[in-house]
Amino acid sequence: GDSVTQMEGPVTLSEEAFLTINCTYTATGYPSLFWYVQYPGEGLQLLLKATKADDKGSNKGFEATYRKETTSFHLEKGSVQVSDSAVYFCALSVPGGYNKLIFGAGTRLAVHP
Amino acid sequence: DTAVSQTPKYLVTQMGNDKSIKCEQNLGHDTMYWYKQDSKKFLKIMFSYNNKELIINETVPNRFSPKSPDKAHLNLHINSLELGDSAVYFCASSPSASGEQFFGPGTRLTVL
Numbered sequence: 004g005d006s007v008t009q010m011e012g013p014v015t016l017s018e019e020a021f022l023t024i025n026c027t028y029t030a031t032g033y034p035s036l037f038w039y040v041q042y043p044g045e046g047l048q049l050l051l052k053a054t055k056a057d058d059k060g061s062n063k064g065f066e067a068t069y070r071k072e073t074t075s076f077h078l079e080k081g082s083v084q085v086s087d088s089a090v091y092f093c094a095l096s097v098p099g100g101y102n103k104l105i106f107g108a109g110t111r112l113a114v115h116p
Numbered sequence: 233d234t235a236v237s238q239t240p241k242y243l244v245t246q247m248g249n250d251k252s253i254k255c256e257q258n259l260g261h262d263t264m265y266w267y268k269q270d271s272k273k274f275l276k277i278m279f280s281y282n283n284k285e286l287i288i289n290e291t292v293p294n295r296f297s298p299k300s301p302d303k304a305h306l307n308l309h310i311n312s313l314e315l316g317d318s319a320v321y322f323c324a325s326s327p328s329a330s331g332e333q334f335f336g337p338g339t340r341l342t343v344l
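Chains as they are written, first to last, in the working numbering: chain A, 4 to 116; chain B, 233 to 344.
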């Protein structure tokens, strides 16, 4: 079945460090790929998305590129801030799947000053 | 002017009770969803309604029953609550059965 695998956390970084959170997927057809972020005590917010191969999603300094050949959608940021501390979820939806989001397990990021 | 709102925010109850969680969206969206987030933060879809019609019904115990009185509301009723139902339940909506989903703040259910 369709699934998403993310690197386990927590990821602990110092401010201004480079961030990578790995995400790979298994899906039938050509899924759309998403990164959602959940700040403490809040609901999920869409961070970025990509709907076809080689698309790059970007927002707030975060980027991810849809790599069909490696079935990956890794999240990167060049310089993290304390305010980026949150749980990050990689997700996919498949065509004809009624927009059902299939999530990875989430990766907690903690950024220290 | 919260886009997707849920009530209550916290719900603590005893095993065997029946409870409801309400969700409302003021975005004019056609599609609404319920997700369950367990203690390890794992998120899984439960149900989805499009224009008040059930379109996603995952493998969920039939103690859980969603109800959509209109496009702006999707409520979740849970009968005979069990310890394993303790979780955070998120409501979401999207413009149609595709497109970005907007999530509510969650309802933390604790079953004692």
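Honestly, the hints are just simulated from the structure, not real lab data. Because the structure is a prediction, the values reported are computed rather than measured. Virtual Cβ for every residue (Gly too), placed ideally from N, Cα, C. You may find that some hints are simply not true.
A short, non-exhaustive set of chain A residues, derived as facing chain B with CB atoms under 7 Å [stated by the list, open to error]:
#1 P43
#2 G46
#3 L49
#4 L51
#5 Y101
#6 K103
#7 F106
#8 A108
#9 L112
#10 H115
Given a cut of 7 Å on the nearest C-beta pair, is the interface hint for F106(A) held or broken against chain B? holds, 4 Å
Can you verify the interface hint for G46(A): is its Cβ closer than 7 Å to any Cβ in chain B? holds, 4 Å
Let's test the interface hint: is any C-beta of chain B closer than 7 Å to that of H115(A)? Violated, about 21 Å.
Does K103(A) pass the interface hint, meaning its C-beta sits closer than 7 Å to a C-beta of chain B? holds, 5 Å
Checking hints one by one. Is L112(A) an interface residue toward chain B, by the C-beta closer than 7 Å rule? With a closest approach of 12 Å, the L112(A) hint is violated.
Should the hint that P43(A) touches chain B count as held when the rule is a Cβ pair under 7 Å? At about 11 Å, which exceeds the 7 Å cut-off, the nearest Cβ of chain B leaves the hint on P43(A) violated.
Let's test the interface hint: is any C-beta of chain B closer than 7 Å to that of L49(A)? With a closest approach of 5 Å, the L49(A) hint holds.
For the hint on A108(A), does the least C-beta distance to chain B fall short of 7 Å? holds, 5 Å
For the restraint on Y101(A), tell me whether the closest CB of chain B is nearer than 7 Å. holds, 5 Å
Can we keep the L51(A) interface hint, with Cβ of chain B closer than 7 Å? Constraint on L51(A) not satisfied, violated at 11 Å.
This entry does not satisfy hints 1, 4, 9 and 10, going by the numbered hints stated previously.
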